Amino acid sequence: MPQVFNQSSNFLARLTLIGGAATAAAIALVAFMLVRSDYATGANTPPPQPVPFSHKHHSGGDGIDCRYCHTSVEESYYAGIPPTQTCMNCHNQLWANSPNLAPVRDSWQTGQPIQWARVHDLPDFVYFNHSIHVTKGIGCSTCHGDVTQMQLTWQDKPLTMTWCLDCHSQPEKYVRPKEAVYDMAYQAPANQIELGHRLVREYGIESKLSCSTCHR
Amino acid sequence: MSQEGLEVKEPQLDLAAIRERLANSKGREYWRSLDSLADTPAFREFLHREFSNNATQWLDHVSRRRFLKLMGASMGLAGLTACGISQPEKIVPYVREPEDMVQGKPLFYATATALSGYALGLLVESHEGRPTKIEGNPEHPTSQGATDIWAQASVLDLYDPDRSKVVAKRGRISTYANFLEEFRAAIGAERPRRGAGIRVLSTSTSSPTLATQMRAMRQTFPDARWYQYEPINEDSALAGAQLAFGRPVHSVYRFSEADVILSLDADFLLTMSGRVQYGREFARRRRPSPEQQGERAMNRFYMVESTPTNTGAKADHRLPLRAGEVEGFARQVAARLGVNVPQAEGGTVPEAWIEALVADLGAARGRSLIIPGYNQPPAVHALAHAMNQSLGNVGRTVLYTEPVLAEPAPQVAGLRQLTQELAAGQVHVLVILGGDPAYTAPADVPFQANISRAAFSVHLGDYGPDNSATSARTVWHVPRSHYLEAWGDTRAIDGTASIQQPLVEPLYTSRSEIEIMSAFSSRPDASSYETVRSTWRAQVAPNLDFEVYWRRAVHDGVVPNTALPPIQPALSGDLASRLGAPMPVSAGLELMFHPDPSIYDGRYANNGWLQELPKPLTKLVWDNAALVSPALAEELQLNNEDVVELRYQGRTLRAAVWIYPGMPGNSVSVWLGYGQPLLGRVSAGTGFNAYNLRTAAAPWYGGGLEIAKTGEKYTLVNTQDHHTLAGREIARHVDAEEYERNPEAVHELAHEPEQVSLYPEYAYNGHAWGMAVDMTTCIGCNACVVACQSENNIPIVGKDQVSNGREMHWIRIDTYYTGTDLDNPETIMQPMFCQHCEKAPCEYVCPVVATSHSSEGLNDMTYNRCVGTRFCSNNCPYKVRRFNWLQYHDKSIESLKLQKNPDVTVRERGVMEKCTYCTQRISAARINASKENRPIRDGEVLTACQAACPADALVFGNINEQGSHVMALKNQPRNYSVLGELNTVPRTTYLAMIRNPNPRLIGEGGSE
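Chains Y and G, in that order, are what the protein sequence lines are.
Quick note on numbering: our numbering labels position 216 of the first sequence as 216, and the sequence is numbered without any gaps.
Quick note on numbering: our numbering labels position 503 of the second sequence as 503, and the sequence is numbered without any gaps.
In case anyone wonders, no lab produced these hints; they're calculated from the structure.
Check before you lean on any hint, since a few could be wrong.
[Unchecked claim] Quick list of the computed label-pair ranges, beta carbon to beta carbon:
| # | chain 1 | residue 1 | chain 2 | residue 2 | range |
| --- | --- | --- | --- | --- | --- |
| 1 | Y | Phe128 | G | Tyr844 | 52 to 58 Å |
| 2 | Y | Met161 | G | Arg728 | 38 to 44 Å |
| 3 | G | Phe108 | Y | Gln192 | 52 to 58 Å |
| 4 | Y | Glu74 | G | His965 | 27 to 33 Å |
| 5 | Y | Thr16 | G | Arg909 | 49 to 55 Å |
| 6 | Y | Phe128 | G | Glu530 | 19 to 25 Å |
| 7 | G | Gly868 | Y | Glu74 | 35 to 41 Å |
| 8 | G | Gly129 | Y | Ser37 | 54 to 60 Å |
[Unchecked claim] DMTMM-like mimics (lysine to aspartate or glutamate), calculated; alpha carbons at most 20 Å apart, straight line:
| # | chain 1 | residue 1 | chain 2 | residue 2 |
| --- | --- | --- | --- | --- |
| 9 | G | Lys90 | Y | Asp65 |
| 10 | G | Lys931 | Y | Glu194 |
| 11 | Y | Lys157 | G | Asp466 |
| 12 | G | Lys105 | Y | Glu74 |
| 13 | G | Lys897 | Y | Asp124 |
| 14 | G | Lys105 | G | Glu940 |
| 15 | Y | Lys173 | Y | Glu194 |
| 16 | Y | Lys208 | G | Glu89 |
| 17 | G | Lys713 | G | Glu634 |
| 18 | G | Lys931 | Y | Glu172 |
| 19 | G | Lys105 | Y | Asp124 |
| 20 | G | Lys931 | Y | Asp146 |
| 21 | G | Lys900 | G | Glu128 |
| 22 | G | Lys90 | Y | Asp156 |
| 23 | G | Lys970 | G | Asp800 |
| 24 | G | Lys931 | Y | Glu74 |
| 25 | G | Lys839 | G | Glu981 |
| 26 | G | Lys713 | G | Glu641 |
| 27 | G | Lys931 | Y | Glu202 |
| 28 | G | Lys90 | Y | Asp124 |
| 29 | Y | Lys208 | G | Asp466 |
| 30 | G | Lys900 | Y | Asp124 |
| 31 | G | Lys931 | Y | Glu179 |
| 32 | Y | Lys157 | Y | Asp146 |
| 33 | G | Lys165 | G | Asp466 |
| 34 | G | Lys900 | G | Glu125 |
| 35 | G | Lys970 | G | Glu752 |
| 36 | G | Lys90 | Y | Asp121 |
| 37 | Y | Lys178 | G | Glu634 |
| 38 | G | Lys891 | Y | Asp124 |
| 39 | Y | Lys157 | Y | Glu172 |
| 40 | Y | Lys178 | Y | Asp146 |
None of these values were measured; they are calculated from a predicted model.
Cβ atoms here follow ideal geometry from the backbone N, Cα and C, with glycine treated the same way.
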């Protein structure tokens, strides 16, 4: 009986084995990159909003402080999304007839809240607290980017756990003087690490790494 | 997959062999159940398997082929789940933000709830307008920050999906406006007859506003009548006060002043009104003498009881007596204390016991206390008054005041009279405010059948015509507002008034008692807010600013200076002749009725937290049972779960038997509140209705019971043998005298070897959290269990799942029996939950690091990492980890979502969970303190269980801080680690149970 496989089959067999391994590695690599990509994290893409609210205009142009709208950022885990009332403080006079603001006026008249699309959506098992971060010298722009330059608001950072842990394990890389927390244009100085170490001591920063710090 | 072969054939419990084993046991033996003593196969299953055999079984009726098909399909399609594009989540802010609201921060409001008329002051946590958690109000005299199971679980009642939601007329949906129109017309028709046809039936109440409304109603309608009826009432106490003082007098006890206590069948720690305050004061005096404040000594507590309770379990000397024998015993004691009273023939109580007791009481004149139980006849109450008087306790340990309840009157007699009036056609307008009297009425009072005799009738009830026996028979049904939905007022056991402040608008179209009663006034649609305010406006002295007074009262949860002043009623001189000869003790079997320790009189039957709460001592869940003593079981050849027919005074009832160590012989005890035919999805099919046997003449106990076996079985589920830690010195206890002589006695009970560890030591800088559990003060009231369930979003699983050992409670209260007498064992209760071991066996075996150690020594559980291998649970020597075998949270019911604590993850199927030391509360405190650049203060973090505990038995804190409360306890010589010999270094340690028996009775079997 002649041989079923001739010698060239050896090559095919090797190719199959190596190719199989390479494909598996490629799939793994793609998956690894995919979950970290902007596509998966949702970074850098502004979601559609009912009102085309511009942080660039309000915060950058008009110079309104973050805390005018995000009132609970220093007290609560939640920075707070302003009630319609806050919008109407100004917009019952300014741009009072703008078609873009129709949903705001409707909300004010009907009492039905505006339904904003969430831009920074942490998983439900993560318990992040804004107040402790801003009182310990972590600036808004460290996590949110310079929103004063955002026409529409997008998520600037990946918000992955690796990203969180980068700062929690080395807070000196990111901490800034308390008075600069709401400064969106703040640039880290050249001696950031040196400054950072000093501030970590001064502010009593315990950037905890235990699971229960964020998960419970 | 098949279930065959799994059923363990249950042999008859050989009680004689158990007795012999106990009698021959060397040293002190601890046991959890009769099954464990008999070493039955079922018990061995529980002991040796971390998860019961059935727990790991696929119990759905799905064939192997179908199972494989489903598994194959889910494997194949698993990848698809990653392909969906998740919809962006919405943020929905306020339109106008409420004042004082910081988004994301809970607010606490003071309010009060009442059970059987007596108030408990509360602070209720509200997240963005939804009440989620009940805490005690530290400024309220009865609460002092603590709560009981009923207050804790009441928040779930608010969101009960079975609550009635609409006004109904003869079962058809209507409106409140329509109701009010007809109601007003019916009342108007009574005006010419001076209201002779109007009858109002309410539950027991102490509400000043409701009482004012009733008075106002009878001014307009002088012949109208107001009755009150609750199945658990104070008729006996009222009649007892009549006997002793010739008028209604209310007693308040001060356990803080009492050195020697005698309870005559009074369950003052669990079911009696005032339980939270009494529990706290009792516990304070319960610590061993060296730990007492000032010059005080540990109290000594004697109890005679007819059904074992937690209260009896705490006693230094407990004596089981049939309910009918307590009176004879009380007369014997009274005579020796100098009260002139006719004696019964022969007593069953050992002479030495009575002598020692009387000597102890006599030596503590003015510092002793005798308490009668609400289920004891008036004579026992009168005797207790006389004895307290003769011991000089009045004004010291017993305070008398005017009645706290509004217009107290005999309730059973009242209901009977109302029924007669109904039957005679004299009632034209029947207004039933709350309760479910058609269900709870005595069996020989045909109230239910006569409701329809009234042309106009309305029931203000929690459940609608399809779910409530009363509403099914009245013309109108109006949904009753929960106490968190309506304004009201109520008084505590000492008379202190509280304003009941609502936290939410009514979820449905419900009304409160006060709003219904407004229909009799000139302003029929007045809100409860206006009515309550006008009551209090009339009470305030004109020189005070009412707004200031009102705001203060609402804010504090206490109206200042409203406690009733003590009075000194004169004991009637001819008590002996008034008491007459004692009631003869019935021959044969005695049947006793008790409120259920979980669902009370049945009002909480549709509350899943309470149904699944293991009842103290028996650990039964989801059912009641006919409780019999081991002796009676032996005599009648009864086994657990046997269905018997109880024949009592011409009525019969089928019930399942449970053998209850500590029951007196020749008596059977049943819990009320079960077997409600209608009610809701939770209560459906639970238990049997003991009201069917209860008569007006003998509401608490009576003789002449016969038991007939039916040969059938009914599955009763109890958790006593679940999570068993057998054969070690788990629950240690020593006597006070021995402890004072040798403080190391607790540690000599077990071998505590020198510990060496292969694992590196870890330095805990900053905070190191730990807990101390005082088993001496723990009264086993379960408040911690429900508080934990409420705080930590713990689901209920149902009777079937509990029978598989799948209950999810993070805290369990283990009950250990000891002593050689099966009919009167000593009882020790030990709360058990995650011990947060420094060298935690669970952590080493988790393959995905889902359970890990925090820098402050917490044993963290990260749900989102957990893949459900359950290795951790297998490796936990304390058996405190709980696995979500199925999707237990019902996500389809919207109203239940409102109760969830937003600070704690709602766990999905397939993850392990356990006590976290309330890490969310630690986190909140840590962030607050860190923002203020200071360490967390001692007492700043209260775990949910600790906050609820009336007995201060659970203390949490920083063990790195020597002056902390928790370290004060841990430094006591009676502090020990459970299973410390395993070198797990648990952060939770236990303070051994100390008992304080009378030296004169030791060795005579008296302490058993």
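Violated hints, by number in ascending order, as checked against the structure: 1, 3, 5, 6, 8, 9, 10, 11, 16, 20, 23, 29 and 37
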